[in-house]
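Asks: The task is simple: from the sequences and hints, build the whole structure.
In order, the protein sequences belong to chains A and B. My numbering puts the first sequence at residues 1 to 235. My numbering puts the second sequence at residues 1 to 392.
Some hints here could point you the wrong way.
In silico negatives: residues of chain B with every beta carbon more than 10 Å from chain A [said to hold, decoys possible]:
(1) K46
(2) K184
(3) F262
(4) V264
(5) K302
(6) A306
(7) A310
(8) Y375
Just the calculated beta-carbon pair ranges, DEER-fashion [what the hints assert, rightly or not]:
(9) A:S156 <-> B:I268: 28 to 34 Å
(10) B:I277 <-> A:N74: 51 to 57 Å
(11) A:R128 <-> B:L26: 31 to 37 Å
Just so you know, these hints were derived from the structure itself, not from any lab. In this text the structure is predicted, and so the values were computed from the model without any measurement. C-beta: ideal position from N, C-alpha, C; glycine also.
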Amino acid sequence: MNKPATPSLVNGPLIQVIRLSKHYSNGHGVIPVLRGVNLEVHPGEMIAVTGPSGSGKSSLLFILGLLQPASSGNYQFLGQDVLHLSRADQAEFRRRRVGFVFQNCDLFENSTVYENLEFPLVYAMVERQERPARIAAALEMVGLAHRMSHPANRLSGGERQRVAVARALVNQPRVILADEPTGQLDRQNGHKIMDHFEKIVALGETALIVVTHDSQVAERCHRVFSLEDGILYEK
Amino acid sequence: MRLSDLLRLSIRQLLRHRRRYWGVMLAIALGTAGFITIITMGRDLKENFNRDLELLGRATLIKIYFEKLPPYQHQHFQQSTLEALRRLPGVKDASLAVSTFSAQTSLQGQQYGFSLFGADRAFFEVCGLSAQKGKLFGQEENNHHRRAVVLGPELARTLFGAIDVAGAELEIQQDIYTVTGVLKDVGLGDLRQFAFLPFTTAQDRIPNISNPNRIYLRCSTWDDVEKVVPLISQAIQSQQYVQGLKVDVAWDQVKRVQAIAFWVELFIFSSIVATLILGGVGIWTVMMAAVRSRTREIGLKKAMGAEDQAIMAQFLAEAVCLSFTASLAGSLMGLVVVEITSIMINSHPAQGLFLFCVMIGLLVAVGLGVAAGLYPSIRASRMEPVSAIRYE
Chain A
1 MNKPATPSLV
11 NGPLIQVIRL
21 SKHYSNGHGV
31 IPVLRGVNLE
41 VHPGEMIAVT
51 GPSGSGKSSL
61 LFILGLLQPA
71 SSGNYQFLGQ
81 DVLHLSRADQ
91 AEFRRRRVGF
101 VFQNCDLFEN
111 STVYENLEFP
121 LVYAMVERQE
131 RPARIAAALE
141 MVGLAHRMSH
151 PANRLSGGER
161 QRVAVARALV
171 NQPRVILADE
181 PTGQLDRQNG
191 HKIMDHFEKI
201 VALGETALIV
211 VTHDSQVAER
221 CHRVFSLEDG
231 ILYEK
Chain B
1 MRLSDLLRLS
11 IRQLLRHRRR
21 YWGVMLAIAL
31 GTAGFITIIT
41 MGRDLKENFN
51 RDLELLGRAT
61 LIKIYFEKLP
71 PYQHQHFQQS
81 TLEALRRLPG
91 VKDASLAVST
101 FSAQTSLQGQ
111 QYGFSLFGAD
121 RAFFEVCGLS
131 AQKGKLFGQE
141 ENNHHRRAVV
151 LGPELARTLF
161 GAIDVAGAEL
171 EIQQDIYTVT
181 GVLKDVGLGD
191 LRQFAFLPFT
201 TAQDRIPNIS
211 NPNRIYLRCS
221 TWDDVEKVVP
231 LISQAIQSQQ
241 YVQGLKVDVA
251 WDQVKRVQAI
261 AFWVELFIFS
271 SIVATLILGG
281 VGIWTVMMAA
291 VRSRTREIGL
301 KKAMGAEDQA
311 IMAQFLAEAV
321 CLSFTASLAG
331 SLMGLVVVEI
341 TSIMINSHPA
351 QGLFLFCVMI
361 GLLVAVGLGV
371 AAGLYPSIRA
381 SRMEPVSAIR
391 YE
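Replies: Shown next as structure tokens:
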């Protein structure tokens, strides 16, 4: 499969990471996870990060989503240093700028599809009257508008992951951080998810960073990086 | 996070996991119902208990009379004095009596001497006396100066050889009276040998009857006795000038009843508090378990942008909704128990007191929910997002 064309980079980078490091300390010493990672992501870009298990891919994703602090380095989002935000500002950043998709299709099991998508809007204090339209639009993007009032625990695996993507989209984030989004899906459903991501990114506002083991997923991204021994290489 | 969203999400969470909350809700509901019932019905139950207790001992009966004074100093109580005593807080009712120790009757050619009381409409109720045969006289007999007589059981046996003598006729001081009833034998003391006429009739027809020189006063509960006694003299002096006033109170019985009631109340309140504490511990345990089982959910919500305060508010609101709903159910249970008890003891507890108790019960429930839910909520809010998301 041919690589898609990289979008024009006329606007400044969405994400700029310079010499980012992360290490964990235990009783025996320091374990480095990320070593001097540099990365630049522009709106409308799809980036894949591959690498062996335990290489720090998920840690990089969590740091980019401010779910985890970095040990050192510089991380700017739309020109703003975000590594040193307060806890409340970090939550605000996740609310407004980031959408997460996890491997396990983590939906709230006892809730409907609508209720799952409503949570990010509740935290973003979106008016209640505005919510149905935004939820419908997000579900429309993944082709699940007809499942709006369906209980989450009665969806198929593919549908669950599409709902997770819609939930990541509902607050109109600038970047989607996806951790093995197709890891538990069959090939057909995996392709569908990537189709949806492409559609979303093609609008030009949002970027996608996807951590994956799947070479076919990586091939559909504009750029592919490999993380080995904590060092990020562009392939 | 908006308050309306917070409440909606919390109630939804409770409804969807209602099975795990049943036990806790029941404990709080029972505690609240017990609290409401005891406070609302407490006074009525005491009054009822008090009425029954009179058969065993006259703890709340106060006798007011004059010390023996020189014969030229005749004193008696006026009707206005009786009314003033009736108005005292804690006084249930009061009765004015006249008496003579030298009444006579002639029956089948034999003369019998006995003591006689002139009793007003409230006398029997105030003294806790009831009939074992026939009925006692009251307002109507007093108003119409009827020639009715109630006999003490021993006097009935002496005169008629039996106690089932309601309807029999008896001559007293050359007037014929109809026996309306015979008193029960319990708690009468020397009144077993007395005859009782309506107060008005006794004043009209018994030539050597005394002036109204005794007042019997019944307090609503034993707790009222100590409050009423100091007010008696002042209430009487405000109506008439008297000397040598004597107030008899069965202090020993009052103290013993108060001691028993104190321990019973302490036991009941301890049970209620223990139930509520159990409810609180239940909330704490349930919320801790919820925080543990919903760790990934917490992580996901933080990834969606939920702030620490929003997570804390959500768990706290769930705990408060849980205890508040349980307390609301307990209030309904309390209402049912109060209604049934009211019918059983024929009382009418104040509506305001019930509502006040419901308010207190709900406030306590909210406090309990906050106290028991605070630590689990803080723990949930302080979770690191990544640890929570990776939690297995």
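Asks: Taking the hints in turn, state whether each one holds.
Replies: Status of the hints after comparison with the structure:
| no. | hint | in the structure |
| --- | --- | --- |
| 1 | K46 | holds, 50 Å |
| 2 | K184 | holds, 66 Å |
| 3 | F262 | holds, 50 Å |
| 4 | V264 | holds, 47 Å |
| 5 | K302 | violated, 7 Å |
| 6 | A306 | violated, 5 Å |
| 7 | A310 | violated, 6 Å |
| 8 | Y375 | holds, 20 Å |
| 9 | A:S156 <-> B:I268: 28 to 34 Å | violated, 58 Å |
| 10 | B:I277 <-> A:N74: 51 to 57 Å | holds, 54 Å |
| 11 | A:R128 <-> B:L26: 31 to 37 Å | holds, 34 Å |
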